[in-house]
Amino acid sequence: MARITAGVTTSHVPAIGAAIDLGKTEEDYWKPVFAGYEWTKQWAKENPPDVVILCYNDHGSAMSLKMIPTFAIGIADKFQPCDEGYGPRPIPVVEGHPDLAVHLAQSLILDEFDITMMNELDVDHGLTVPLSLVYGNPKDAWPTKVIPIAVNVVTYPQPTGNRCLNLGKAIRRAVESYPEDLSVQVWGTGGMSHQIQGARAGLINKEWDHAFIERLLNDPEDLAKVPHIEYLREAGAEGIELIMWLIMRGALGEKARELHRFYHVPASNTAVGHLVWEPAAA
Amino acid sequence: MVDYSEIDDIPGTTVFTADRARKGYHLNEFCMSLMKAENRDRFHADERAYLDEWPMTEEQKQAVLDRDYGKLLELGGNIYFLAKLFASDGLSYVQAVSTMTGMSVEDYQKMMLAGGRNIEGWRSKSKGN
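Quick note, the sequences are listed as chains A and B, same order. First residue of the first sequence: 1, per my numbering; consecutive thereafter. First residue of the second sequence: 1, per my numbering; consecutive thereafter.
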């Protein structure tokens, strides 16, 4: 039987990808950002999953405003990195796991999560920067299969935090009903506090971010009640990406144990947050 | 009509609503077209002519020519789509975003290095906190 073995969250700032691709990781500005992922890189080597279910958002790269699915799942066998206006990142193609992805889609939809299925999905920095942060820059292939789950966090109204937490729980049920013995991780990406538009751009709210992590760990059901307006106001207009961290949390089950936590300001315009958690016995 | 009074109360912030996604549809589609190198080349060779291929309003076209990002938000542009425009100009997010704050890039970068913009005074227009 497949099982959820860990949850990871991380910010997915595009400039982090550029720093990796242009060999700037040792520069003074970037060093403290990448230092926070050293523990994770070692852990990732020792705990290789078979599949990562990677929750992220597209940033107007593969998904235009022609259709705005609230939740979408990539069921293809591979996903190409996007050209986001400066050429595609020089990274390996992301390999999917179509069989588990179709099982997930079927299980989620029958569980009343009407997720959109995508046979074609180019993936942008939202998905590839987290892979780079955890796995560095492999030459030919990523060390894991990836099933992308794209969440609309760009156009208001986004799904609620509660819906995201429940989606995580439904993903757990779906994974546990898959017959093959697979180690599956669920990653939630984006955040933490940041705003990249308007006169309020540059907003960072450390206090709110730290409280968010504590509530995510210890009382996700209560955190799930936080309305959109609080994310937008307290974490910045783009900080609402944090609802995707609730998907990871829901997938871990009732109790979670913290293995690693990192927080740093700034990367570009953003507060970087990163967690590695695992399910704990209730 | 959807009631946006709550989100419109956040100072210095243009939340990208479904209404703005509708109003800015062609503007954002234009931005996405710049993900192709050949389109970037054509756009930079003659910006006006390239813009005229799109069913955008004159105001939207002018704001693109002016690279007035604050205005483009008002006219339905979304920052992630607009990123294709400033990336094609060779600008980073920090460089482009700082233009909306009334600060120089250097001062904006200093603010970020010092921990970012403090939220005090930036929560609510009506409450002034």
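Since the hints were derived computationally from the structure, they do not count as laboratory data. Heads up, some of the hints might be wrong.
Derived coverage of chain A by chain B (criterion: at least 3 residues anywhere in the stretch with Cβ under 8 Å from a Cβ of chain B; other residues may be distant) [what the hints assert, rightly or not]: (1) 183-189; (2) 197-205.
Below are the SDA-like pairs computed for lysine to any residue, each with C-alpha atoms no more than 25 Å apart in a straight line [stated by the list, open to error]: (3) Lys110/B x Ala18/B; (4) Lys24/A x Asp107/B; (5) Lys36/B x Asp3/B; (6) Lys23/B x Lys225/A; (7) Lys110/B x Trp30/A; (8) Lys78/A x Ala37/B; (9) Lys206/A x Glu53/B; (10) Lys206/A x Lys61/B; (11) Lys66/A x Leu113/B; (12) Lys206/A x Leu113/B; (13) Lys66/A x Asp3/B; (14) Lys225/A x Ala18/B; (15) Lys206/A x Asp107/B; (16) Lys110/B x Lys78/A; (17) Lys36/B x Lys206/A; (18) Lys61/B x His44/B; (19) Lys36/B x Asp83/A.
These stretches of chain B come out as covered by chain A in the derived footprint (C-beta under 8 Å, 3 or more residues) [to be verified]: (20) 3-16; (21) 42-53; (22) 76-82; (23) 93-101; (24) 107-116.
The beta-carbon is built from N, C-alpha and C at its ideal position, and this holds for glycine as well.
Verification of the hints:
no.	hint	verdict
1	183-189	violated (count 0)
2	197-205	holds (count 9)
3	Lys110/B x Ala18/B	violated, 34 Å
4	Lys24/A x Asp107/B	holds, 22 Å
5	Lys36/B x Asp3/B	violated, 38 Å
6	Lys23/B x Lys225/A	violated, 31 Å
7	Lys110/B x Trp30/A	holds, 15 Å
8	Lys78/A x Ala37/B	holds, 23 Å
9	Lys206/A x Glu53/B	violated, 45 Å
10	Lys206/A x Lys61/B	violated, 38 Å
11	Lys66/A x Leu113/B	violated, 38 Å
12	Lys206/A x Leu113/B	holds, 14 Å
13	Lys66/A x Asp3/B	holds, 24 Å
14	Lys225/A x Ala18/B	holds, 23 Å
15	Lys206/A x Asp107/B	holds, 20 Å
16	Lys110/B x Lys78/A	violated, 41 Å
17	Lys36/B x Lys206/A	violated, 38 Å
18	Lys61/B x His44/B	holds, 14 Å
19	Lys36/B x Asp83/A	holds, 7 Å
20	3-16	holds (count 9)
21	42-53	violated (count 0)
22	76-82	holds (count 4)
23	93-101	holds (count 6)
24	107-116	holds (count 6)
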